[in-house]
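J.: Sequence:
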Amino acid sequence: MRRFPIARFLLSTHLPFLVMVLAGSYLLVAVILGVAVLVSGPASVSAVDVAGQVLHWLAVGYGYGAPALLATVVVHGRTRREFVAQHPVYQLVAAVVLAALITGVYAAEAALYSAAGWTQAMQPDRPFAAGDYPMIFLANVSMLSIALVTGSFAGVAVYRRDGAGALALVPAAGLLVYGGAVHGFFSLPFAQQGLPMAVTLPAVAAGWVLLWACAREVPLGNRVPA
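Once you know that position 50 of the sequence shown is 50 in UniProt numbering, the rest is easy, because the numbers rise by one and skip nothing.
One thing to keep in mind: the hints can contain errors.
[Claimed, not checked] Quick list of simulated restraints, FRET-style, between CB atoms:
hint, residue 1, residue 2, range
1, 100, 53, 18 to 24 Å
2, 104, 65, 24 to 30 Å
3, 209, 39, 45 to 51 Å
Derived from the structure by calculation, the hints contain no laboratory data. Glycine included, C-beta positions come from ideal geometry on N, C-alpha and C.
Could you build all of it, start to finish, from the sequences and the hints given here?
T.: Set out below in structure tokens:
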């Protein structure tokens, strides 16, 4: 039997789809930027950075769909334990790949702006500056990792349909707010530049533990067979 079937399936199907969707979204951003320049004149802010404000919530929404995937893999003979062990690993790999793509798009935009003589200004509260590609990459890995695993945990918690699942949304909300803060979506005094990378692993680990605590006790009556 081949090892890590759930992770391999997701990496070979879901991840390429996410890459195509993200790349297509940035092509749409390029078209919108072109129209805006024709109508309003030279750009003064990073279009990629402005569009990136939705990434956090899109990642949360994608992660929130974990219960449907959990039900599917269990129906096909896999266990909750396999899912909880492999799904977060896939999410971490996806966060790295998508963050690399995002960083590459920032670099391509910088080259375009430089050639056109425009200013690539970032949004306020971002933990990175224009041209700081290592920090752009790390900030996006951090944000995506936290958003994906917390979205999954929150989705499974709601799927349980019990009091414990509802209470689990409290730490999920805290993780989501912090995940947004490390990327500059919210301004929090304890989420300053340099700190996000130090807490990413503990935050992801917390989401992973909470996901396991919820997923391993999903009632059979909630449509997840044993």
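J.: Against this structure, judge whether each hint is valid.
T.: Going through the hints against the structure:
Evaluation of the 18 to 24 Å hint for residue 100 and residue 53 yields a pass: the beta carbon distance comes to about 20 Å. A C-beta distance of roughly 26 Å is found between residue 104 and residue 65, which places it inside the suggested range of 24 to 30 Å. A beta carbon spacing of about 50 Å between residue 209 and residue 39 agrees with the range 45 to 51 Å that was offered as a hint.
In the structure shown, no violation is registered for any of the earlier numbered hints.
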